[in-house]
Amino acid sequence: KFVETSNDFVTAAVDALEGGDGEGLLRQIRRARHELARLDDEVGLGIFTPRLTALCEAAEAVGGAAKPSGAGGGDCGIALLDAEAAQDIANVRNRWTTAGVRPLPIRPAMEGNAE
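End of the sequence shown sits at 258 in our numbering; the numbers just go up one at a time, nothing left out.
Note that these hints are calculated values from the structure, not bench results.
By construction, the Cβ of each residue, glycine as well, lies at the ideal position given by its N, Cα and C atoms.
Heads up, none of these hints are tricks.
Cβ pair distances, simulated, as ranges:
no.: 1; residue 1: R236; residue 2: T154; range: 28 to 34 Å
no.: 2; residue 1: E147; residue 2: A229; range: 38 to 44 Å
no.: 3; residue 1: T241; residue 2: G213; range: 20 to 26 Å
no.: 4; residue 1: E147; residue 2: T241; range: 35 to 41 Å
no.: 5; residue 1: T154; residue 2: P193; range: 30 to 36 Å
no.: 6; residue 1: G163; residue 2: G216; range: 32 to 38 Å
no.: 7; residue 1: C219; residue 2: G165; range: 21 to 27 Å
no.: 8; residue 1: L247; residue 2: P193; range: 17 to 23 Å
no.: 9; residue 1: C219; residue 2: T148; range: 18 to 24 Å
no.: 10; residue 1: P251; residue 2: E200; range: 22 to 28 Å
no.: 11; residue 1: K144; residue 2: A226; range: 31 to 37 Å
no.: 12; residue 1: A214; residue 2: D184; range: 17 to 23 Å
no.: 13; residue 1: E227; residue 2: G187; range: 37 to 43 Å
no.: 14; residue 1: A233; residue 2: E185; range: 34 to 40 Å
Throw the hints in and build the complete structure from the sequences for me.
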């Protein structure tokens with residue numbers, strides 16, 4: 144079930160990205176987070192750590208989206224936030240600092256990413 148559901152939201156996320164639907168993209172990232180959480184609860188993989196949960200909750204509290212990324216074990220997560228919302232970004236950074244999350248500010252560029 145996870146692979147099927149994952150394929151659905153990946154396809155929907157690509158469609159949203161290509162269509163310029165920012166809110167649709169955020170919705171799919173949130174779906175991915177919740178599906179990963181369901182899998183983690185079901186199988187006990189240790190995907191979500193307190194820091195990754197804090198990362199996700201802080202981003203979602205300001206209208207962004209976040210999810211674990213990588214091989215699991217709590218080492219990496221991604222968050223998408225509104226780059227124009229400086230106060231929201233500051234609030235997220237403060238919450239992350241308190242939770243021990245180390246942000247790496249990366250912005251998408253036309254070809255690849257930029258720091």
